[in-house]
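Each chain, letter by letter, is given below.
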Amino acid sequence: MAEFQLQFAPLSSILDGGFWHKLSNNKLNVYGLDESPKTIHGFYCNGDPPGMPCRMNLEYIAFDVDFKPPLRCFDCHGTLINTNTIDKFKDCDKKELLAMVGKKIWQSITSGEALSKPDLLSQLLLLTYADLKKYHYYYWFAFPCLCPSEDFRLVRSPQKLHERLTSSQMERLITAYDEFQSHHSNHQGYFIVVETLDDVLKIDSVQNISEYLNKNTKVLFGFSDPCTLEGNPGWPLRNYLALISYYWYPSLQEVEVLCFRCRIKDGNCDISHSIVLTVKLSSMTTEADLPKCVGWEKNERQKLGPRMVNLSASMDPVKLSESAVDLNLKLMRWRLLPDLDLERITRTRCLLLGAGTLGCNVARCLLGWGVRTITFVDNGSVSYSNPVRQSLFVFEDCTKVPGGRSKAEAAAEALTKIFPGVKARGVNLSIAMPGHSVPEGSVEQTKKDVQQLEELIDSHDAMFLLLDTRESRWLPTVIGAARKKIVMCAALGFDTFLVMRHGVKKDMETDDSPVKGQMLDYRCIPGSQLGCYFCNDVVAPGDSTRDRTLDQQCTVSRPGMSYIASAQAVELLVSILQHPAGTDAPADISVGEEHLKADHCSPLGLVPHQIRGFLSRFHQLLPASRAFDKCTACSRTVIKGYLEGGFGFLLQVFNEPTYLEDLTGLTQMHQDTIDAEVWDIDEDEEFSSMDTSS
Amino acid sequence: MAAGSISEKKFAECAIHLLEKSAHQKDHWTGEKSSSGEVYLQKRCTIPCQLPMPTTRERTLSDSQNIKEPVEDLDEAVVQDNVSTSTSMVTFVYHVVYNASYAVPVLYFNAYKPDGQLLSLEEVWAIVPQHYQDRLREERWTFITQQEHPILGRPFYQLHPCHTSTLMSQIPDTPGSNYLISWMSAVGPVLRLEMSMRYGEII
Chain C
1 MAEFQLQFAP
11 LSSILDGGFW
21 HKLSNNKLNV
31 YGLDESPKTI
41 HGFYCNGDPP
51 GMPCRMNLEY
61 IAFDVDFKPP
71 LRCFDCHGTL
81 INTNTIDKFK
91 DCDKKELLAM
101 VGKKIWQSIT
111 SGEALSKPDL
121 LSQLLLLTYA
131 DLKKYHYYYW
141 FAFPCLCPSE
151 DFRLVRSPQK
161 LHERLTSSQM
171 ERLITAYDEF
181 QSHHSNHQGY
191 FIVVETLDDV
201 LKIDSVQNIS
211 EYLNKNTKVL
221 FGFSDPCTLE
231 GNPGWPLRNY
241 LALISYYWYP
251 SLQEVEVLCF
261 RCRIKDGNCD
271 ISHSIVLTVK
281 LSSMTTEADL
291 PKCVGWEKNE
301 RQKLGPRMVN
311 LSASMDPVKL
321 SESAVDLNLK
331 LMRWRLLPDL
341 DLERITRTRC
351 LLLGAGTLGC
361 NVARCLLGWG
371 VRTITFVDNG
381 SVSYSNPVRQ
391 SLFVFEDCTK
401 VPGGRSKAEA
411 AAEALTKIFP
421 GVKARGVNLS
431 IAMPGHSVPE
441 GSVEQTKKDV
451 QQLEELIDSH
461 DAMFLLLDTR
471 ESRWLPTVIG
481 AARKKIVMCA
491 ALGFDTFLVM
501 RHGVKKDMET
511 DDSPVKGQML
521 DYRCIPGSQL
531 GCYFCNDVVA
541 PGDSTRDRTL
551 DQQCTVSRPG
561 MSYIASAQAV
571 ELLVSILQHP
581 AGTDAPADIS
591 VGEEHLKADH
601 CSPLGLVPHQ
611 IRGFLSRFHQ
621 LLPASRAFDK
631 CTACSRTVIK
641 GYLEGGFGFL
651 LQVFNEPTYL
661 EDLTGLTQMH
671 QDTIDAEVWD
681 IDEDEEFSSM
691 DTSS
Chain E
1 MAAGSISEKK
11 FAECAIHLLE
21 KSAHQKDHWT
31 GEKSSSGEVY
41 LQKRCTIPCQ
51 LPMPTTRERT
61 LSDSQNIKEP
71 VEDLDEAVVQ
81 DNVSTSTSMV
91 TFVYHVVYNA
101 SYAVPVLYFN
111 AYKPDGQLLS
121 LEEVWAIVPQ
131 HYQDRLREER
141 WTFITQQEHP
151 ILGRPFYQLH
161 PCHTSTLMSQ
171 IPDTPGSNYL
181 ISWMSAVGPV
191 LRLEMSMRYG
201 EII
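In the order they appear, the protein sequences are chains C and E.
Numbered according to this note's numbering, the first sequence spans residues 1 to 694.
Numbered according to this note's numbering, the second sequence spans residues 1 to 203.
Hints are computed from structural coordinates only; laboratory data are not their basis.
Honestly, I wouldn't trust all of these hints.
[Stated by the list, open to error] Among the chain E residues that face chain C by a calculated CB cut under 8 Å, a handful are:
1) HIS28
2) GLY31
3) THR46
4) VAL78
5) VAL93
6) VAL106
7) ASN110
8) MET197
9) ARG198
[As the list claims (entries may be wrong)] Listed next, the stretches of chain C that the computed footprint assigns to chain E, with coverage defined by at least 3 CB atoms under 8 Å from CB atoms of chain E:
10) 14 to 24
11) 70 to 84
12) 306 to 317
By construction, the Cβ of each residue, glycine as well, lies at the ideal position given by its N, Cα and C atoms.
Extracted from the complex, chain C is given alone in its bound form (with noise of 0.2 Å):
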């Protein structure tokens, strides 16, 4: 048969994550800038199953002063490069850096010490550059090998180890495997195994093989062999026969390698599939004073270059406590509610009116729903009474900043510090409302003003009415329904509350009230047929701080009516976003606590159309209302106004008190009240002089 040359498997590096963690660890607190080499360790084992490739492991022990390689793996000395830049990493000069570690491999070989050690035959060398902001690693691996002058060359073909010992023969290897093992507290990767004349099977150290050779026996090279391939031995093989060509050629021409690989499966060892070769040595003498030296890793695409790692989503703070959020409401679909649709609520950008007291406990209520995008508009500064109430606020933010700091923005910041995985964003802004008239020189801010709300509101799916007067809720009211938005209200009385979600009407062009002749469901109400805000009120907002005292310009209410509504609020936004018909989820009118009874229709159950809460009997309400179409906010002849006119209908309804009332038909509505009051009044007294006349 004729020779062949003897190729070998190259070694594929195995990370885990505890590897880069402790590497991280290192540079920041050991390292520093020190780019000088760091002594490491790899392993390797050689039991694996068929069609695994050769692989080296590096894990979090990596680092280990008294490294000891796991049970029956075997220790693989390593030298780190940590480059400070990733031009050093790129620009250093690779040759030479494999150079250093073979002239470590070659010393060893020539002085002798790697007779006695021969595990200082296995070498790694990595190098790396961290960049530990973006948690991105750079990585290249080399398994450096001292190749002799001409290849090595297989004499014949690969013999399994079955072919060549009997089964019994087999049971004493391994015996006489095990026991040369329990000398050594780690594993030996690399040994000699003797045969003798009389059948005896003995495994010794390589330093010891002058007691065997030009005996009467056979010695066998033997090696812990990673490779699983049939015709090849692993890549561990290269520099022991350099090491065994150094002091045994030309004497020794051809040897005998066993490549010992030892599958245990229910605690038993298999060595069969182990393989004998018979390797024609070859010289390792140079004039160089190195042999020729390779072993960079190839990476992922087959080339001879570095590799790249992102590991932000396992190591990056933020973007663990963004799993660990949604993690922890996936737990809630697996375990309670499998159709909850969890997407649908983290995509709902949500855009807060107010960040006081319902402000604050409505994002963080919806950051506890896994939101993402949430907006605070708010005019005022962080004022001394607010901290104990107002849940993102802290006493510094009242003294950090003259006047306290914006609301808003104190608010964004606070909820980012929570969840640095939200986007929260701060805006300071006043909305302009009805009857309280803007001055000439104001006009133009007011405009800008408007913009910004609009913009806003476009820029987002739900908004929260959490403002603390009743006309400041007109404008993005009205902004609101004629965009088709989600709008959510929620305000507070002294200890009752109303949570309310705003209709929102199909089509503007439709007329408001209910189609003449339909058959109408009084226990239920569609959602696009559901009042807003002002529809049950029969006046326009106005004024109304105007006459009040200054308790009462603050919000005067029993401090625990703000966390159950702002919780109502959005626990009412999610079951809107949960019901099968969204928006147009209907209503029941709860008359004779119906509701109560009512099947559910969506994961989370009914979607009511207010809450009104009365906490001096710890009560609630769920009265659902039709829109009225005199509505002064979201009656269509408002919207078609606002839609129509634009900024200029606004600044009418900003100035004139009575132009919503006149516009709607409210005044005359007023004025048929009284005028029937008056003609009631007429009739009867008719009636009853007409009685006494009788």
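Place chain E on chain C using the hints.
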């Protein structure tokens, strides 16, 4: 102790027993001790594992940037058609830690790609064998969540312990049986953690 749960002392006894059995049959369980003295079991293994999606690779350095490749002499002594090019491997690390509030052992695990990247939860689910996926839909004893490891402080996946005692209360406590072995042979295979039959032998 409530049905299906065990005390910390009993956990330690079972763990020692399991380690003896592991050593006896050359399995790879090790007992680990944290710097603060907490004890847990650990096993690692690397197995060939085809991930459903091709591993999403960030652009590599040399794709966009000019890297000085090593001037390396041609090395003909390398197996060209190597299995490493086609086989992807996943390294599993399993930890068994005692949880005092549930009074049950908890299985923590991480699964890494060769470059050290953690498998995402979706990828972990994708490598759960199909017949277990079907079973998981029916049975509620396993939920995989990601948690900070109680001892190491790094993120680990966890089989949620809330149903462990329910599961274990259905397994009779016969003399010679080991709580940890019974439990791990029930839940382990879901996560590619195989327990050989020999753990059932009485030694």
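To see whether the hints hold, each was checked on the structure:
Hint status for HIS28(E): holds, given a least beta-carbon distance of 6 Å to chain C, under 8 Å. Taking 8 Å as the C-beta contact cut-off toward chain C, the hint placing GLY31(E) at the interface is violated, the least distance being around 12 Å. For THR46(E), the interface hint holds, since its Cβ comes within 8 Å of a Cβ in chain C; the closest pair sits about 6 Å apart. At its closest, the beta carbon of VAL78(E) sits 6 Å from a beta carbon of chain C; the interface hint therefore holds under the 8 Å criterion.
For VAL93(E), the interface hint holds, the least distance from its beta-carbon to any beta-carbon of chain C being 7 Å, beneath 8 Å. Interface restraint check: VAL106(E) against chain C, minimum CB-CB distance 15 Å, threshold 8 Å, status violated. Because the closest C-beta pair between ASN110(E) and chain C is about 6 Å apart, less than 8 Å, the hint holds. Among the interface hints, the one on MET197(E) holds; its C-beta lies about 7 Å from the nearest C-beta in chain C, closer than the 8 Å criterion.
The restraint placing ARG198(E) at the interface with chain C holds, with a minimum CB-CB distance near 5 Å, inside the 8 Å limit. As drawn, the region 14 to 24 of chain C meets chain E at 8 residues by the rule of a beta-carbon pair under 8 Å; at three or more, the given contact holds. With 3 residues carrying a beta carbon less than 8 Å from a beta carbon of chain E, the region 70 to 84 of chain C meets the three-residue requirement, and the given coverage holds. Only residues whose C-beta sits within less than 8 Å of a C-beta in chain E count toward coverage, and the region 306 to 317 of chain C has 8 of them, enough to reach three; the restraint holds.
Of the hints listed earlier, those the structure fails to meet are numbers 2 and 6, in rising order.
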